[in-house]
Amino acid sequence: MSLKDRMLSLPGIWLQRHAQVALSSLGRLVGNRFSSLMTCAVIGIALALPVGLHVMLSNLSTISGGWESGASISLFLNQNITNKKALALAETLRQHNHIESVELISRDAALKEFQRLSGYADALQALNSNPLPNLLVIQPKATYTTAQAAGKLAQELRLLPEADIVQLDLQWVRRLQAITVIAQRAVVVLAALLSMAVLLIVGNTIRLEIQNRRTEIEITKLIGATNAFIRRPFLYTGFWYGLFGGFIAWFLVALSLILLRGPIARLAQLYQSAFDLTSLDLSTVIVLLSASALLGLIGSWLAVGRHLSAIEPS
Amino acid sequence: MIHFDHVSKRYPGGHTGLSNINLRIEAEEMVFITGHSGAGKSTLLKLIGLLERSTGGQVHVNGRNLTRLKNRLIPYHRREVGMIFQDHRLLHDRTVFDNVALPLVVSGLGYKEIGRKVRAALDKVGLLHKEKSAPITLSGGEQQRVGIARAVVSKPPLVLADEPTGNLDPALSKEIMELFSQFNRVGVTLLIASHDLALISSMDKRILTLTNGALSHDSKVEIRDVT
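Residue numbers (the numbering used here), protein chains in the order written: chain Z, 1 to 314; chain P, 1001 to 1227.
Just chain P, with the same shape it has in the complex (with noise of 0.2 Å):
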């Protein structure tokens, strides 16, 4: 699904965000990324989603080569990759309902199809009855609940996330990452960044581990050490 071929990243100013990261991560996994804040982690879901590019090396997602894509082809590679963010990023003039569409109005579908699928993915994170409200009005775990029905709602093989339960308490952050586990079982592929060692390391799932921009741990290739 994801495969890095000595990938780096290197802004402009000389900052390096990835060096020469080697990583293959096949459908249908779910996978968590974690290390210190600058190490890296947003950098790499930005180059799968191509809110960047990369400066060397070759990143191929879902049998696409991500370095040759042409811009205007950009919008299209975003439709098959779901992304939850932090912050959420909702737009708060719009109903939840409406903030859930958007990835299926962008698409062109109809209203009756829009109508359909929105209601399901909502239903699937437990916020149908919220169909009318405005974001604003949502607490923080329910906000990050609208976001993630968002990624999924056009069902794209590949989900990322950066920091999703970054706000959230324990609780909450516990339920998100059930969420993610239904998610996987039905077949989609998660690439999930986080932080928070003691709830990832509880899901029993592959962990990488970024150090200053280089991949330095991979659960899956060594044995699980995690500190």
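Chain Z on its own, in the form it takes in the complex (with noise of 0.2 Å):
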């Protein structure tokens, strides 16, 4: 072989080797299935909880965020404006810049509902008038759904003769978006905390399988293997530690949302919402594979760093 054909053959000698190694160190994991399911699923449950709690958080800031771009303003009017005015007014409000929509909910039209659904149609037909006032649900535009421009707007509203009480309800979904923001900080400081964790678990694992091998790492040595040839297939097992923990970890969380989407749904349904809870996205998929792969990579890198250079023949 020619000292070209040689250089041209070096990448794929490479990757033949490091393709080999990696099947080998899979092979070796297979082997002793039990115990490698085992840490495997440790691995798997450290990750799981992190991830699970991200997904019903990221749920819940859905739903709240479905909840104020919906922020609506509800302006009731005096008792004493008929039907016409209420008509009129709601195509006065529509020309204003900062509204997108009015919609009117007629007096007639809310008792009706108000029989329908509230059980009490009996003790309503007593009544001699409708205690109800004509409704303008006021959607503000895109741009001014903000608490502040909202506020501004119902404040404005407030003003015009015709205005009884004007409703801008945000204020328990500002507090609830803080309080998930609150709950994402303590997610991504319990994920660091299980992640240092799935390092030590692979990280020990990991030095007992160096021990296990010490005469063959001795033999290795003595025949001239260098530092990084001898770490090699225990970086690769430390990897596929990680990126199997990461799959045990997502089907964990596809499982536990799966039994949680009925109950959910039924739930929803009594708030008379298609809110459908989404379970994990291709993206948090992904970045669960592939941090879950690299923390068994540095765990076993760091195992590796302080064991194998104990070992020495003799």
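Simulated from the structure, these hints should not be mistaken for laboratory data.
Partial chain Z-side listing against chain P, Cβ under 7 Å, derived: (1) G224; (2) F229; (3) P313.
We put the beta carbon where it would ideally sit given N, CA and C, even for glycine.
Taking the hints as your guide, dock the two standalone chains into a single complex.
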């Protein structure tokens, strides 16, 4: 083989080597199915916790985000405003710069709906006049849905002579969002702590593996293996542990979501919401799997760095 | 090939392994080292294979000053020195083929080349038909020959053997020594530690005798007088 051929075939051999080491370390894990599965399961459970919480929180912020963008202003008109006047006011308000749409819910329509839903149909029949006011549901333009802008608009509406009560109920959505942000921060802290746990689990497993293969390492060093060569199978083992742990975490979270889907759909129905629990999206799965594989790799790197150099042939 | 210049090795705790060794072994020589247990035979070989470092003097092997060789370069030095041990040091969870292939795998050769070279080495030691066997199923003499095939598979210019016939009967020992002579004839420098005086004096090669860590006799330098 000429030197040129040799140079050309080097990357090929390098890839061949890596593929071979990756597969043989995978084979070793499959060989010790039970103990490998236990290690991967521990990693999986540790990672499933923050991932699951993250999914729940992003669902929560989807819901509350939906509430916020739907932030509309309820303008209850004075009792003495007739339907005609209310219609005219709605038309005027539609011309307003900050207003997207205005929906009139007439006092008659409101009464009918109330009768239908409240179950007090008979009691309401007894009333000789409709106690409900006309209501204008005002949807601000997208750029004016922030609490401040919507608040300003509500203030403006309050000054209308026809206005009785103006309601802008965003405060509790804001509070919920603030709590969600705290919870998200807590998930980040939890994820950091559990990632450290994963590093330690993988590190410890690799340390035991190194001890078990001490003789092999000695002999290989004797024959002229570099530290990189000896390190490689252990790094791949750590990588596989992490990756399979990630898959187990994915499975656990997906399973929990399936179990929660039914009850949550029922709850959503009670709130007359079409909310559907979103499961893990692709980007979260990719981040989960690459992070877990990386954690496995780093964990084994730490163990290998500490313990491999201590083994020298004699 | 090998040059020891006032080399000594003192172990932590005060035990002296070697003291003030001056020695020169030329390329393509076949040399025996003998002496009582603990006389320093293994220590001498370990210094050449850099399993240990000398505590005094200079060791040169194949034009390389081992005293100054950085730790990270040790693997590359060991690839040029084939080592054979009394206890074979084979990997028992791998086949004979994989054991012999190990030095080539470590140096990053391609599969085709590895297959060819491993079979050539196994053929030389007469174990080509055993390439798929597990080492544990082989006899002691066969296991030693696997160890020898592993030591020579990458064609190193220098081969060290530490009591290679220590566990073998005289007939098998003689066979192994014949094998070494064959390698020597094709230009390999061999350094063999053995306390089997009858066997090594029958080989008609240079013999170094160590006594308490010092070189007490060199058959090349003085008139042959082996006792």
